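Asker: Residue numbers (the numbering used here), protein chains in the order written: chain A, 1 to 197; chain B, 198 to 394.
To be clear, the hints were calculated from the coordinates, so they are not data collected in a lab.
A hint or two may mislead.
Listed next, with one range per pair, are the computed distances between beta-carbon atoms [said to hold, decoys possible]: (1) B:243 to A:82: 55 to 61 angstroms; (2) A:114 to B:233: 19 to 25 angstroms; (3) B:211 to A:182: 39 to 45 angstroms; (4) A:152 to B:378: 16 to 22 angstroms; (5) B:237 to A:185: 48 to 54 angstroms; (6) A:117 to B:253: 27 to 33 angstroms.
Pulled from the structure, derived: some chain A residues nowhere near chain B, Cβ distances all over 12 angstroms [as the list claims (entries may be wrong)]: (7) 22; (8) 23; (9) 24; (10) 36; (11) 42; (12) 47; (13) 70; (14) 73; (15) 78; (16) 79; (17) 82; (18) 99; (19) 132.
Restricting the straight-line Cα-Cα distance to at most 30 angstroms, the calculated cross-link-like pairs of lysine-lysine (DSS-like) are [as the list claims (entries may be wrong)]: (20) A:56 to A:114; (21) A:56 to B:311; (22) A:114 to B:253; (23) B:253 to B:311.
All figures in this text were calculated on a predicted structure; none of them were measured in a lab.
The beta-carbon is built from N, C-alpha and C at its ideal position, and this holds for glycine as well.
Number of protein chains: 2
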Amino acid sequence: MTETMSRYHHGDLRAAVLRRAEEVLRESGTDALSLRGIARDLGVSHAAPSAHFRDKNALFDALAVAGFRRLGEVMDAALATRGSLTDDLVAFAAAYLDFATDNPALLSVMFARKHSETAGAEIAEAVAAAFAHPTALLTDAQARGEVVDGDPEVIGITVLAALQGLATFVGSGFVTPEQSHGMVEDVVATLMRGLAR
Amino acid sequence: MTETMSRYHHGDLRAAVLRRAEEVLRESGTDALSLRGIARDLGVSHAAPSAHFRDKNALFDALAVAGFRRLGEVMDAALATRGSLTDDLVAFAAAYLDFATDNPALLSVMFARKHSETAGAEIAEAVAAAFAHPTALLTDAQARGEVVDGDPEVIGITVLAALQGLATFVGSGFVTPEQSHGMVEDVVATLMRGLAR
DNA sequence: ACAAGAATCTTGACAATGACTATATCGGTG
DNA sequence: CACCGATATAGTCATTGTCAAGATTCTTGT
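With these hints in hand, go ahead and build the complete structure from the sequences.
Answerer: This is how it looks when you write it as C-alpha cells:
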C-alpha cells in the first residue's frame, strides 16, 4: 500500500494530489492552488490529475469532504474525555478554533458555495458525521436537563454558528488567533448564561 | 456628476467597474468575476480597469470595503426604529441574514483572507463603522442593566459571530434561506436566555 | 490662452492556467 | 496471452491577469 512511490508513471495519485493540495492550501492559500502546479510538484504530467478529478471543482469538493472528515476527527478527539458540559464545550470550541487557525484556507473551501450537486450529498454526509459528536453533546445534556428545552436543531446550530463565525473572524484577520484563544472560555460562558440579565 | 455616461472613451470607470463587479458577484459568483469580462461588459479595453485597480486583489479589497459600507447601511436601517432589546436583535439579525442571502459571494469576499496590508486598514475601518450600531445596541443595553456584565467586546463578538456563522451556513447551502428566516427568532431567544437551565 | 504634466484609456504582448482530444502504457481478467 | 478498462502523456486551445509602450483627455500653473 505504501510501497509504490512512482517506480513507473503509476502510483496512487488522487491521494497524493489531495495531500499536496492540502499542503498548498495551508502554506500558500486558495488561489495559489493549481492543478498544473500540483502535477508539477508530484512529477506527473499536467493532465494526470484529470483522471481522478474531472474538474477543479471536483478537487475542491474532495478537499471539502476530507476537511470535514479531519475536522470531525479533531472534535472527536477533543470530546474523548468528558467533564462538565461547560468544560466539554470549551474543549470542543478550542479544537474547532485550532483547526480554523491551522487551516484557514481549507475551512473556507469547506464552506464555499459551489459544490456540485452530486458532491453535495457526499459533503452533507461528511458534515453530518463531523458534527454528530458535538450535537450529541448538547442533546445528551438536554436529555439530562442541563440545557434549556427547545428545538435541538436550533440550539446546535446556534452554538456551531457562533464557533464558525468566530473562526471566520480569525481567518479574515479581524480577530487574532491569540485573541480567539483568550476568548474561548468567555464566549462559551456567554453562550451558557445568555445575554439577558 | 451624472451627465457623463461615456460620450468618448472616458467616464467614471471605477464606480462602473465596482457596480458591474457586484452584479456579476450576485448573479454568477466569485469565480465568474474577471477583470477582462467586466471591461468587456462596460465596453472599454481589457486593461482599462488597471488604471483604477492595480490588481485583481485591489478590486476585491474595494468590493469588501463597499460591501461593509452597504452592510452597515442595511443594519442601520434595521435599527432605525427601536423596540425591546430582543426585538431589536431580531430585526438586526434578520437584516444581516437577508444581506447574506442576497449577496453570498460578496459576503465571502468581505471575509476573505487576502486583503493587502494597505487595504487592511481601510477595511478594518469600514468593518468598525458597519458594526458600530449593533455593538452600541448591546453596550447601551448593558449600561441600562438589561444585559449581563462582562467584556463588551466578547459579548458583541459572540452575537456577531453567531450571525456570521449562520450566514456562512446559508451561503454554503447547509441551511436554506427559509430555514434561517424561520430560525432567527429562536436563535436570538437562545442567545438571550443562554443554554444552561 | 496655452503648454506641461498627470490621469486615463488603448493596443499589443506574454506566461500561466483549466479544459479538451488523441495516444500510449499499465494492470487485471477471461 | 490477448483484451480492455484504468491511468498517464503529449499536444492544443481559449481565457485570464499582468505588464509595457503609446495615444488621448483632463487639469493646472503661468
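Asker: If a hint holds in the structure, say so; if it does not, say that too.
Answerer: Evaluated hints:
Between residue 243 (chain B) and residue 82 (chain A) the C-beta distance comes to about 60 angstroms, which sits within the given range of 55 to 61 angstroms. The given range of 19 to 25 angstroms is respected by residue 114 (chain A) and residue 233 (chain B), whose C-beta atoms sit roughly 21 angstroms from each other. As the Cβ distance of residue 211 (chain B) to residue 182 (chain A) is approximately 41 angstroms, the hint placing it in 39 to 45 angstroms holds. The hint said 16 to 22 angstroms for the Cβ distance between residue 152 (chain A) and residue 378 (chain B), and at roughly 19 angstroms that hint holds.
Against the hinted window of 48 to 54 angstroms, the Cβ-Cβ separation of residue 237 (chain B) and residue 185 (chain A) comes to about 53 angstroms, which satisfies the hint. For residue 117 (chain A) and residue 253 (chain B), the hinted distance range of 27 to 33 angstroms is satisfied, since their beta carbons lie about 29 angstroms from each other. For residue 22 (chain A), the shortest C-beta to C-beta distance to chain B comes to about 16 angstroms, beyond the 12 angstroms cut-off, and the non-interface label holds. Here residue 23 (chain A) stays apart from chain B, with its beta-carbon at least about 17 angstroms from theirs, past the 12 angstroms limit.
Every CB of chain B lies more than 12 angstroms from the CB of residue 24 (chain A), the least distance being 14 angstroms, so the non-interface label holds. At roughly 17 angstroms from the closest C-beta of chain B, the C-beta of residue 36 (chain A) stays outside 12 angstroms, upholding its exclusion from the interface. Once the 12 angstroms rule is applied to beta carbons, residue 42 (chain A) is consistent with being away from chain B; the minimum gap is 24 angstroms. With a minimum CB-CB distance of about 21 angstroms to chain B, residue 47 (chain A) clears the 12 angstroms threshold, and the non-interface call stands.
The beta carbon of residue 70 (chain A) sits about 17 angstroms from the closest Cβ of chain B, which is more than 12 angstroms, so the claim that it is off the interface holds. The Cβ of residue 73 (chain A) sits about 19 angstroms from the closest Cβ of chain B, beyond the 12 angstroms cut-off, so the non-interface label holds. Residue 78 (chain A), annotated as away from the interface, keeps every beta carbon of chain B farther than 12 angstroms; the closest lies near 18 angstroms. At roughly 16 angstroms, the least C-beta separation between residue 79 (chain A) and chain B is larger than 12 angstroms, which holds for a residue marked as non-interface.
Residue placement check: residue 82 (chain A) keeps its beta carbon more than 12 angstroms from all beta carbons of chain B (closest about 17 angstroms). Separation of residue 99 (chain A) from chain B is adequate, the least Cβ-Cβ distance of about 14 angstroms exceeding the 12 angstroms criterion. Under the 12 angstroms C-beta cut-off, the non-interface status given to residue 132 (chain A) relative to chain B holds; the minimum distance is some 14 angstroms. Proposed proximity of residue 56 (chain A) and residue 114 (chain A) is supported: the alpha carbons are some 11 angstroms apart, at most 30 angstroms.
Restraint check for residue 56 (chain A) and residue 311 (chain B): satisfied, since their Cα atoms lie roughly 21 angstroms apart, inside the 30 angstroms limit. A hinted pair counts as satisfied when its Cα atoms are at most 30 angstroms apart, and residue 114 (chain A) with residue 253 (chain B) qualifies at roughly 21 angstroms. For a cut-off of 30 angstroms, the pair hint linking residue 253 (chain B) to residue 311 (chain B) stands: about 11 angstroms separates their Cα positions.
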